[in-house]
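S.K.: So the chains spell out like this:
Protein chains: 2
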Amino acid sequence: MAEHEHKVNIPAREAGSYKIVIGTEILPSLWGRIEADFGRYNKFVVTDENLVRAGHLEKLAGGREVAAFVISPSGETSKNINTVVSIIETMEKAYLGRDTLVVALGGGTVGDIAGFAASVFKRGVPVVHVPTTTVAQADSAVGGKTGVDSSISKNAFGAFWHPAAVYIDPAVLATLDERQYRAGLVESVKHAMIADSDYFDFLEQNIEVILGRRTSVLERMAQFNCKIKGGVVERDPNERNLRRILNYGHTIGHAVEAISGYNILHGEAVAIGIIAAGLIEIEIGLSEAGRLDRIRRILEKIGVPVKLPTDFDEINLIDLIKRDKKAVNKWPKFVLISRIGQVYCRDGQWAVDVERPVVEKVLYKLQRILT
Amino acid sequence: MAEHEHKVNIPAREAGSYKIVIGTEILPSLWGRIEADFGRYNKFVVTDENLVRAGHLEKLAGGREVAAFVISPSGETSKNINTVVSIIETMEKAYLGRDTLVVALGGGTVGDIAGFAASVFKRGVPVVHVPTTTVAQADSAVGGKTGVDSSISKNAFGAFWHPAAVYIDPAVLATLDERQYRAGLVESVKHAMIADSDYFDFLEQNIEVILGRRTSVLERMAQFNCKIKGGVVERDPNERNLRRILNYGHTIGHAVEAISGYNILHGEAVAIGIIAAGLIEIEIGLSEAGRLDRIRRILEKIGVPVKLPTDFDEINLIDLIKRDKKAVNKWPKFVLISRIGQVYCRDGQWAVDVERPVVEKVLYKLQRILT
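As you go down the protein sequences, you meet chains A and B in turn.
Just so we're aligned: 165 in my numbering is position 165 of the first sequence, and the numbers increase by one with no gaps anywhere.
Just so we're aligned: 284 in my numbering is position 284 of the second sequence, and the numbers increase by one with no gaps anywhere.
Chain A on its own, in the form it takes in the complex (with noise of 0.2 angstroms):
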């Protein structure tokens, strides 16, 4: 008999948009506000260890008995499908289904596990996030990626799964460990060298207030970038293009972060790859005099890394930067900036080719404070 040849056709999936709330000291009366907005859910929070001892989640309950997943320990450790397990098979213990919604209180790592779990219960249920962490706030909470690691490598399980609000109290950056603090804003400072150099300005101006945590100032910088941020994902939501420029820094980064078994956090893993891509910028004739020294003056203020630890073995660099999740055999492309707030553009692509030997001898310079 002949071939048969059949189609399915795929409709268009409707246009839909989420909240993102600012405001100080609103975690205490957030729980109502959700049942307001999400009144036809069960709600099933996912947190971890530290907000409960740093008392967040009883703000956030507000006395009330409500079901929850405590991630043990807080961190990256716990950044793999083990707890996504232990997550849905607690959620199925309560009879959970399709109708309920998670909520994820915490920083990055919480909301990458929260939001994974939720992307695949049931086949996906809504997830909002109440982001604690200067990273959260600034970035991972507002966008849709959600992940864990596997033991090879970082986000090796991952949905693009978007909020269905997010709700943002600078306040509660208050009970946030120093080191932890530092190191998330490097994600602000990353928004407004792709994207807006009066933000940029901005930054520079205000590092001290910053660093002394006034709420008044980290409101105005949760504006700034969850208009930035909000503004690149909304343009490309499953990063087939413009939204790669949000890995600025992340390339080597993440090859940074893993190779110091998450030692170096995150934040200031993305300083050094920062740093890294500044030098790639000046071996291709990217740069402007000085820019490279204004970039590591804030995140030398901001206090995290700007160079490679000298034990660093480039080779195993090397290696993880090849895994990278956007490498096109086997050797991932680069984003880069032509100026403080404008991406380097080359035939419509963000991300662009840098050869392996450019890359080896920035790594090189990087553990040696070279220019």
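Keep in mind that the hints were calculated from the coordinates and are not lab data.
Glycine included, C-beta positions come from ideal geometry on N, C-alpha and C.
Errors might be hidden in some of the hints.
Over 12 angstroms on every C-beta distance to chain A, these chain B residues come out as not near it, computed from the model [unchecked claim]:
id, residue
1, E89
2, A159
3, D177
4, C226
5, P309
6, V352
Footprint (simulated), chain A over chain B, 3 or more residues, beta carbon under 8 angstroms [stated by the list, open to error]:
id, stretch
7, 10-21
8, 117-127
Distance condition first, Cα-Cα at most 25 angstroms in a straight line; then the derived SDA-like pairs of lysine to any residue [to be verified]:
id, chain 1, residue 1, chain 2, residue 2
9, B, K43, B, R220
10, A, K7, B, D196
11, B, K227, A, T100
12, A, K325, B, F160
13, B, K326, A, D37
14, A, K326, A, F160
15, A, K93, B, N155
16, A, K7, A, D37
17, A, K93, B, G261
18, A, K19, A, L173
19, A, K307, A, K333
20, B, K43, B, K7
21, B, K322, A, T100
22, B, K325, A, R13
23, B, K7, A, Q223
24, B, K43, A, V328
25, B, K322, B, S151
26, A, K19, A, K325
Chain A is already provided as a structure; the job is to place chain B on it using the hints.
M.R.: Frame of chain A, contents of chain B only:
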């Protein structure tokens, strides 16, 4: 300071489509076709021991060296998150990136596992299905449902992940185990019952040659099945409402399958679930005279069970029914038919309320062959 609200707009996703190719003996030339259709991707095959043993992987590869993961042991026991982790880590060790096409060669279990692995690998890579069983060719390869089981329930982890193409070769069914072959035919009966009374007549008239695995008739069946399933999926890809009709017989079927420890095959459990649905239809006055007898007759000819094993505990069954993925407030809705070829629709809903006492009564009857 005042509260700020920012809105992130997620643009509509464009419509898409995929093709289903149906042809006897297309497997030996399939790799060339996949290369032609998906040239820019690295290919990674996911299959299982049975398929290797039956020579199908060799036939697909055609002497080429292809990267592959062979699920072992074959069958439901491997349909869990650990298998997915092994697949992902194997892909990572091979330095595969987002430019990977997963080729799922196998039955429903392989398709579910491979499809889910593809959906989460580095936030999603495309998958093509080469279904090799009656259940996969009739049903699971089309429609984009993927998933693996938790220790508590079926498909607790999953995603909607539409394939990039489906290639159906009825000739591969020649090697399928007789019990598997017969059980898989139940999904075709289900399709006929929910959508096409002519197809039901066709199945009744041709059941002997179908059981004899004549490829010309199997091709016709594949066309009926793809038209019905594809048609439903097109109209409701993410199971908001209409698509639920495909769950006819599955609400109780899934519970039966689980309670048997998967000693009862999926199709066999669905056969019991179809009889249960028929009994519910009688209870609530939806049945025509003799309809359930006609349905029972074709299922008996296929050789699948039409009653509940006497050692099944009804309380455990009810507990599993409460955990149904689509349960709202811990009780699922049921898909029922008003006549063969037509699903019962109440108030625009294709899955309707059936009170628990009715279901309990039906389970009691189902164990004792009472109508």
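S.K.: All the hints need checking, so say for each whether the structure fits it.
M.R.: Structure-based check of all given hints:
1. E89: violated, 5 angstroms
2. A159: About 6 angstroms separates B/A159 from the closest Cβ of chain A, which leaves it inside 12 angstroms; violated.
3. D177: holds, 25 angstroms
4. C226: violated, 5 angstroms
5. P309: holds, 25 angstroms
6. V352: With a cut-off of 12 angstroms, B/V352 remains clear of chain A, as the shortest Cβ separation is near 17 angstroms.
7. 10-21: holds (count 12)
8. 117-127: Coverage by chain A holds here, the residue count being 6 at a Cβ distance below 8 angstroms.
9. B/K43 with B/R220: Between B/K43 and B/R220 the Cα gap is close to 30 angstroms, so the pair fails against 25 angstroms, i.e. violated.
10. A/K7 with B/D196: Answer holds: A/K7 to B/D196 is near 19 angstroms, not above 25 angstroms.
11. B/K227 with A/T100: Distance of about 33 angstroms is beyond 25 angstroms: violated.
12. A/K325 with B/F160: With Cα atoms ~21 angstroms apart, A/K325 and B/F160 stay inside 25 angstroms; holds.
13. B/K326 with A/D37: holds, 22 angstroms
14. A/K326 with A/F160: holds, 14 angstroms
15. A/K93 with B/N155: holds, 15 angstroms
16. A/K7 with A/D37: violated, 39 angstroms
17. A/K93 with B/G261: holds, 18 angstroms
18. A/K19 with A/L173: Measuring from Cα to Cα gives roughly 21 angstroms; hence the hint holds.
19. A/K307 with A/K333: holds, 22 angstroms
20. B/K43 with B/K7: violated, 39 angstroms
21. B/K322 with A/T100: With a Cα-Cα distance of about 15 angstroms, the restraint between B/K322 and A/T100 holds, given a limit of 25 angstroms.
22. B/K325 with A/R13: Given pair B/K325, A/R13 holds - Cα atoms ~22 angstroms apart, limit 25 angstroms.
23. B/K7 with A/Q223: holds, 11 angstroms
24. B/K43 with A/V328: holds, 13 angstroms
25. B/K322 with B/S151: holds, 16 angstroms
26. A/K19 with A/K325: violated, 29 angstroms
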